[in-house]
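Asks: Chains as they are written, first to last, in this note's numbering: chain S, 1 to 195; chain B, 1 to 153; chain H, 1 to 315; chain Y, 1 to 364; chain Z, 1 to 681.
Derived from the structure by calculation, the hints contain no laboratory data.
For each residue, glycine too, the CB sits at the ideal point set by N, CA and C.
Please note: incorrect hints may appear among the correct ones.
Ranges of calculated distance between the beta carbons of each label pair, as one might list FRET restraints [said to hold, decoys possible]:
id, chain 1, residue 1, chain 2, residue 2, range
1, Z, 404, B, 74, 42 to 52 angstroms
2, Y, 230, Z, 23, 44 to 54 angstroms
3, Z, 532, B, 122, 51 to 61 angstroms
4, Z, 366, B, 125, 53 to 63 angstroms
5, Z, 26, H, 182, 53 to 63 angstroms
6, B, 130, Z, 25, 46 to 56 angstroms
7, H, 176, Z, 26, 46 to 56 angstroms
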Amino acid sequence: MAFVDDLGAALDKTPGGGIILTSLDAVMDWSRGKSLWMMPMGTACCAMELIAASFSRFDFDRHGSIPRPDPRHCDVMVVAGTITRKMAPAVQRLYDQMPDPKWVIAMGNCAVSGGIFYYDTYSVVRGVDEFLPVDVYIAGCPPRPESLQDAILRLREQVSTDSIAPGKSRALKSDLPAPGSPRKGEPSTPGGDAG
Amino acid sequence: MNINELREHLCSEYPDLCPLFSVEYGDGVLVVDASRLHDAASDLRDLGFDRLGMVTAVDTGDEFELVYRLQSREMHAGIFVKARVARDIASIASVTDLWPAANWQEREVYDLFGITFEGHPDLRRILLTDDWVGHPLRKDYQDDRIIRRPDYI
Amino acid sequence: MTLLWGFLWGVAAVATIAGGAILGVWWERKVSARIQMRYGPQQIGPFGSLQMIADVPKLLFKEDIVPALADKAIFKYAPLFVFGPVAVSMVVIPFTAGWAPLNTSVGVLFFLAVPSIEVIAILLSAWASHNTLSTLGGLRATAQMISYEVPRSLAVLAIVLLAGSLRPLDVVAAWRWWWMPLTFVAFVIYFVASIAEMNRGPFDIPEAESELVAGYFADYSGMRWASFMMAEYGAMIAASLFGAALFFGGGWPFGGALGVITLIVKAILIMTAIMWVKWTFPRLRQDQLMSFCWKALTPLALVQLVVVGVVLVWL
Amino acid sequence: MTEQTIVNIGPSHPSTHGVCRVVVTLDGEIVTHAEPIIGHLHRGIEKMAENRTYLQVVPLTDRLDYVGSMYANWAYCRAVERLAGIRVPERAEYIRVIVCELQRIASHMMGIGSTGADTGAFTAFMYAFAQRDHVVELFEALCGARLTYNYVRPGGVSMDLPEGWVEKCRAFTAQHPSAMLELDRLLFGNVIARARLKGVGVLSAEDAVAWGASGPTARGSGVDWDLRRDDPYSVYPRFDFQVPLGENGDSYDRARIRLWECVESCKIIDQALDQLEPGLVKAEGLPRLLAPRPGDAYDHIESARGSLGVYLVSDGTPRPYRMKVRSPAFCNLALLPLLAEGHTLSDLVVILGSLDPVFGEVDR
Amino acid sequence: MAVKREDIITPATVSDEYAPGAKGFLQKVSSLVTGLGITARISTEKPVTIRYPAEKWTVSPRWRGALHLRGVLGRDEIPLIRHASDIYNGVIEDLYKGERLPPCVGNCPANVDARGQGFLVAEDRIPEAYELVRDRNILPGVLGRICHHPCETACRRNFYDEPVAIRPLHRFAYEEFQKVAAERLKPLPITQKQSVAIVGSGPSGLSAAYDLMKAGYRVVMYEREERPGGALNTGVPAYRLPRDVLYSEIDGLVALGLELHCGIEVGKTKPLSALQREHDAVLLAVGLQESRILPIPGHDAEGVIGALEFLWAANHKGETGVRGKRVFVIGGGNVAVDVARCALRTGATEVRLASLESSEELPAHPWEIEEALDEGVIATCSVGPEEVLTEGGNVVGMRVRECLSVFDETGRFAPKFGEGLSDFACDVVVFSIGQAAKLDSLIAGTELLVSGRGQLVVDGTHFTTSAAGVFACGEVVTGPGSAIGSIATGHEAATSILRFLRGESLTEDRTPRPVPVYAKYAVADVSGVERSRRRSIMPMARAEDRAKDFRPVELGLTHQEAMIEAARCLRCQSEICVGCTFCARTCPDYAIQVERVDEPGGRCLTRYDLDLSKCAFCGLCAEQCPTNALTHTGQYELSFFHRDLLIFDKGEMLRSGEGTRATGRDGVMPPGCPVPPRREQ
């Protein structure tokens with residue numbers, strides 16, 4: 001993304017470039033948001049819903065999102081399904097092959113946290129965010145195709161805050177937990193109930 | 001063919017296998033000595049068990065119990081063959097030469113239990129990565145990456 | 001002067017092809033969607049027609065990846081050579097009676113020959129990617145494109161024979177409606193061979209999604225990849241226009257501006273047919289493709305040629 | 001002999017139907033050896049089952065064969081029922097048959113569709129998938145999930161059929177066969193598809209048996225073996241249906257058998273709906289924690305991919321001591337090196353597709 | 001294009017080939033045209049696409065979406081099922097239709113709100129619990145000892161481990177209530193002019209009386225015996241029911257305003273027609289007075305006795321004349337078991353229980369049989385009485401014939417006997433095969449009708465007799481049955497009387513009591529269950545000790561035990577999460593974490609965390625939620641920007657389940673818990 005980065009950085013530094021930068025950002029964010037091509041990284045059950053999502057019934061093409069099998073042509077990697085330790089390097093590699101700017105959607109609980117395969121298993125990566133920067137998490141096992149569509153639309157929200165100038169991205173008006181708040185729901189030992 | 005006919009058929013053809021035959025949950029079970037497994041399997045194949053359904057193992061603590069599920073198309077019957085091998089010298093004859101189907105299945109057992117099959121043409125790990133340490137389906141498998149699900153019933 | 005004129009025409013051709021490709025992609029997405037019981041792009045512009053307007057800036061500003069092991073110079077500039085010939089070939093198309101951007105006496109030959117340069121570019125890009133699948137795709141594309149030149153040329157030859165000229169304008173001028181039934185087989189051969197030339201389904205073997213992922217352009221991203229796509233759609237547009245001109249009499253029965261519109265409508269119909277075929281049929285295998293070319297299409301084209309010759313003699 | 005190229009396909013590749021990696025040795029375009037490398041989706045379900053109660057394992061079995069979850073549910077439940085001596089009410093058996101035949105249709109639609117996609121006929125995939133969507137909708141109305149049903153439970157099924165479901169199901173089976181006929185013409189009647197599929201990956205009947213192939217893979221080679229008919233379980237003996245067979249054992253036969261099995265499934269569903277009578281759908285009095293007596297049991301059913309078996313060992317506690325899934329896709333996939341040799345790379349993809357592996361089940 | 005379904009025939013072999021030669025060529029070409037035709041046709045059809053997000057998909061009602069809680073303990077109160085008797089059935093019906101009827105209430109003939117009892121006891125509001133139970137079960141203290149507790153049979157706890165000890169809690173509530181009885185028992189005001197006479201002071205009569213008194217009527221009750229209680233007084237052995245409990249509960253009723261006249265036998269001392277004149281309505285709750293004796297050879301010999309007579313003697317005289325004798329009890333019902341156990345207690349050397357049914361089918365409750373066997377009763381099953389062996393008019397033995405089956409295929413009583421005969425030596429034969437009513441003196445001089453078999457002609461749903469203003473309830477209507485069943489008829493009869501007195505139609509808008517069918521539970525394996533989750537064990541006297549006298553067998557729960565036991569109640573169908581943790585236990589992924597505090601007055605769900613990122617959406621948790629508080633939503637838009645947002649806490653679990661989005665944004669603050677008041681020691 002060298003050219004764009006340079007352009008963004010240059011505009012940012014140039015006096016008066018901010019206006020151009022803002023309008024360019026607006027165009028780019030619109031363009032990127034409306035044309036999120038997916039890299040279907042389907043491994044398990046969620047892959048079926050991922051397929052279904054781009055097929056007749058749910059038709060992702062309507063949103064301008066089409067699945068491309070080649071990582072070089074894609075903007076957003078949809079990790080759909082369980083990622084095992086054997087698979088993770090391949091996923092990482094495919095992610096690296098994607099050109100910037102790129103996003104990751106973790107579709108389904110296996111990709112979010114390991115889901116049903118969180119406990120007792122020796123081979124599952126507990127969440128694809130262990131090695132990829134995930135932008136949108138979709139809960140579900142598997143999520144409905146609408147969930148994925150919803151995620152794409154939400155990703156647009158996020159994309160709309162991006163800037164081509166480094167470090168200029170606006171904060172997303174979202175409900176992130178307050179900094180320093182403890183991570184909820186960590187497993188504790190059972191007990192203390194009279195059930 | 002029901003289980004009694006199968007027993008009679010087996011006893012008439014191979015009297016030496018007869019005393020090893022028993023019935024559990026409606027299935028015929030043949031418990032053989034690990035050293036005789038290949039011979040017994042060969043006999044059973046000649047008897048008409050042309051399909052090898054499943055090869056698996058059970059970690060019983062101090063031993064591994066190998067379980068072979070055979071299926072016969074003509075007789076419409078299935079049979080289990082079970083053999084026990086000691087844990088420290090977990091090794092048994094491969095039946096790949098009788099049924100090629102055993103190829104991957106024995107590799108899987110090797111992968112997950114660490115039982116070696118003598119005479120297997122290509123005994124490598126199949127499901128796990130080649131550099132995996134340990135055999136996960138053993139009851140004493142230790143792995144730091146496992147988070148135990150709290151015992152909560 | 002000629003140089004400047006040519007340059008201007010080149011720019012215009014590139015702009016036309018780019019615009020045409022954008023609309024072509026949209027049209028393809030809509031056509032394929034309807035065939036597949038879907039709607040296709042819907043959200044940007046009427047019927048999603050501006051979808052590609054969103055896609056292009058995005059591709060333009062994508063990271064430009066050059067694989068570490070790639071032959072960098074070739075990798076970077078090969079796409080230009082893919083796109084260039086297609087654009088250049090457009091200049092000989094007789095848009096309406098008596099007017100073509102470049103009126104040359106060997107126009108038909110020019111149209112058949114110039115896009116073939118693309119093969120070299122494809123081979124180069126495939127080779128430069130340093131990727132097994134790309135190389136396989138490039139090799140397949142080369143074999144396929146070179147082979148299908150033969151029946152395609154033979155099919156066009158039938159028309160040339162009838163018209164007695166290689167000048168496209170002359171061909172259009174000489175065109176009579178009864179050529180249509182006479183050269184129908186030639187048109188089918190031209191149609192099929194053109195599809196194969198532009199690597200589209202059912203002959204998309206070089207870029208077979210399910211085998212080679214994306215074939216020779218698997219490692220291209222952003223605008224470089226887009227230029228491959230544009231070349232494909234440009235080739236489709238060019239082939240459709242040229243086919244409409246040669247086999248369906250160009251602007252016939254109209255002349256002037258109306259003739260241009262007629263030609264474009266005819267070309268769109270041919271394009272739609274190309275898409276229809278792509279989204280209906282499975283893909284052939286490499287050896288089947290070659291044997292189809294050499295054992296079916298080429299003899300058939302020869303037969304057609306003979307038939308046309310006989311008709312000419314009989315006349 | 002020219003220099004051999006080694007091509008690595010996968011693990012994420014559009015036509016490996018999941019996460020299979022195939023290392024192909026090519027001589028030109030001809031495959032001299034294809035080595036499937038599996039285990040990219042090995043999640044250790046068999047190990048996990050050892051720390052789940054018998055009921056909690058059912059959702060795990062859903063994730064085995066995610067294209068045909070009902071089968072894994074059913075096979076597992078049959079093993080549990082055999083182990084614990086549970087008698088299943090008749091209505092539950094009928095419902096199981098109905099949902100599993102619907103599941104067969106859904107699964108085969110995926111199989112046929114991906115055969116289409118592998119050969120480049122993407123539209124056929126869409127048409128097949130549209131049929132699958134109907135089934136998925138039926139399942140959603142039935143149990144509230146589109147893929148991981150968790151519907152068949154030890155002792156019966158989790159819920160009775162909702163109101164109006166039978167009519168919806170009948171409407172589906174009424175239109176499905178003609179849609180199949182159309183798909184047959186579009187895909188299997190097509191000259192290009194035939195050229196791509198016929199004579200590709202020929203599996204002899206002897207090999208099919210010796211390699212433990214089952215389901216459409218074996219039947220494509222003319223091995224007339226269908227557990228529904230030859231080792232009848234549940235209420236299958238009460239239905240009249242035909243088992244489609246192939247002669248050549250090539251990819252065409254394997255793929256087309258699936259299509260005609262769907263038509264036969266519709267027949268079975270219609271008969272089952274006719275014979276369905278009111279009653280319980282779950283064995284009475286089952287406590288939340290099942291603790292079968294120590295022992296082991298195996299049971300198998302004919303899934304969309306072949307004979308799917310579950311082997312359970314109980315030690316008398318509420319959790320299985322060992323669960324083993326005999327996966328038909330695993331056994332069928334083992335045939336790939338045998339079938340692919342001598343064909344081109346394009347054919348390899350078709351052969352892999354015609355075996356219709358689901359990697360959740362292969363790797364478990 | 002449409003092809004008839006019948007014309008689609010599966011080919012014998014799917015390996016289809018093109019014909020050779022020109023025909024094949026044509027086939028090949030036409031296959032291409034066919035393909036194009038199919039896609040062309042389909043492209044003209046309307047697409048099947050759902051235009052999300054403009055069109056939202058309505059998921060099926062069973063859709064397993066993100067979970068949500070309808071209510072939580074500590075914020076939402078558990079509704080008490082407490083209504084006037086005459087609309088009670090409608091309430092139960094509504095609850096049942098809305099799937100909100102707890103199984104314990106549904107399965108109880110009188111629909112006692114055991115759930116409310118559990119709630120109040122756990123909150124340490126025990127007198128209120130007693131009063132709640134008394135609304136539908138007039139004698140909680142009595143029934144708390146003798147009831148056959150269908151509520152516990154249907155208790156959903158059976159599914160998880162062991163049922164809640166509902167019956168012992170009745171008894172506990174009674175015992176606690178006695179401490180405050182004096183201030184809480186005030187006469188009910190008489191607001192109506194009309195009055196009702198009730199003949200018989202058994203459970204059914206008492207419950208009808210209470211209902212009528214609550215409605216403001218004057219109720220006068222007549223009892224033949226010296227002490228009230230009906231069959232509870234005469235029939236139930238004292239080791240099961242200490243008489244002071246019975247009398248004190250009836251005294252409580254008297255304190256509420258019941259006019260009770262004992263020692264007056266209606267029909268002899270006072271004619272029924274007199275009651276009809278004096279009162280506006282008369283309720284006959286006279287019960288069954290006579291034991292049935294089979295007319296087999298020797299049935300009139302010395303030493304053959306009916307069960308009722310035997311029990312009457314045992315209860316009133318403490319002596320049955322069987323000391324040192326061998327007793328042979330015929331019958332397999334609960335009365336037979338009572339007889340057998342009384343015989344042991346009155347000194348019999350050997351007691352043998354002979355039943356037609358096999359040991360699995362015995363009609364007596366299994367726990368009764370078990371206790372009897374513990375005490376030394378010998379059971380001889382699958383035999384039918386053939387002949388009483390006599391010697392000089394005295395019983396010396398019993399001859400029985402083997403019984404092959406008792407019921408035919410349709411379930412009717414049709415015993416089939418075999419050939420085998422066997423003799424048992426004994427001195428006393430007690431027939432306990434049923435009871436009958438003896439009504440001749442009672443109904444003399446009235447227009448009441450009796451059937452040919454001596455039974456009163458009664459409408460079984462409205463409890464009217466052939467005479468206007470005369471009603472009947474209890475066992476005289478239903479035949480031998482349970483005490484709680486009699487109480488249920490008492491409530492129904494009271495409703496009829498109320499309607500009659502108010503001049504309303506007896507039938508209009510009156511819902512017959514629904515009798516829901518609840519699953520029968522197998523005994524659950526509780527070996528892996530924590531101690532704290534198991535049922536409190538009712539302390540029992542040692543079998544060797546208790547077989548000797550009539551002291552109570554069950555010793556009662558302590559206050560502490562009772563509170564813990566009441567907290568075990570799952571508050572089924574209340575739609576309020578009570579923190580039973582079964583969702584967490586059932587979850588295959590351990591995605592749910594539940595904690596609660598159980599301090600009376602401050603009972604609260606302190607934590608309910610759902611880790612949506614681990615949830616498998618399998619639905620097992622909501623499926624087994626006893627209260628139906630945990631439900632699925634139709635929400636399927638579950639995308640989040642941050643992984644931590646996938647963890648729903650108690651507040652978010654209480655978010656609206658409507659709509660499609662579960663972002664956590666519309667989650668409310670987790671409701672706080674009341675500070676538990678310090679309990680006075």
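Asks: Now, for every hint given, state plainly whether the structure supports it.
Replies: Verification of the hints:
no.: 1; hint: 404/Z with 74/B: 42 to 52 angstroms; in the structure: holds (44 angstroms)
no.: 2; hint: 230/Y with 23/Z: 44 to 54 angstroms; in the structure: violated (38 angstroms)
no.: 3; hint: 532/Z with 122/B: 51 to 61 angstroms; in the structure: holds (55 angstroms)
no.: 4; hint: 366/Z with 125/B: 53 to 63 angstroms; in the structure: holds (56 angstroms)
no.: 5; hint: 26/Z with 182/H: 53 to 63 angstroms; in the structure: violated (22 angstroms)
no.: 6; hint: 130/B with 25/Z: 46 to 56 angstroms; in the structure: holds (53 angstroms)
no.: 7; hint: 176/H with 26/Z: 46 to 56 angstroms; in the structure: violated (31 angstroms)
Violated hints, in rising order: 2, 5, 7; the structure is consistent with all others.
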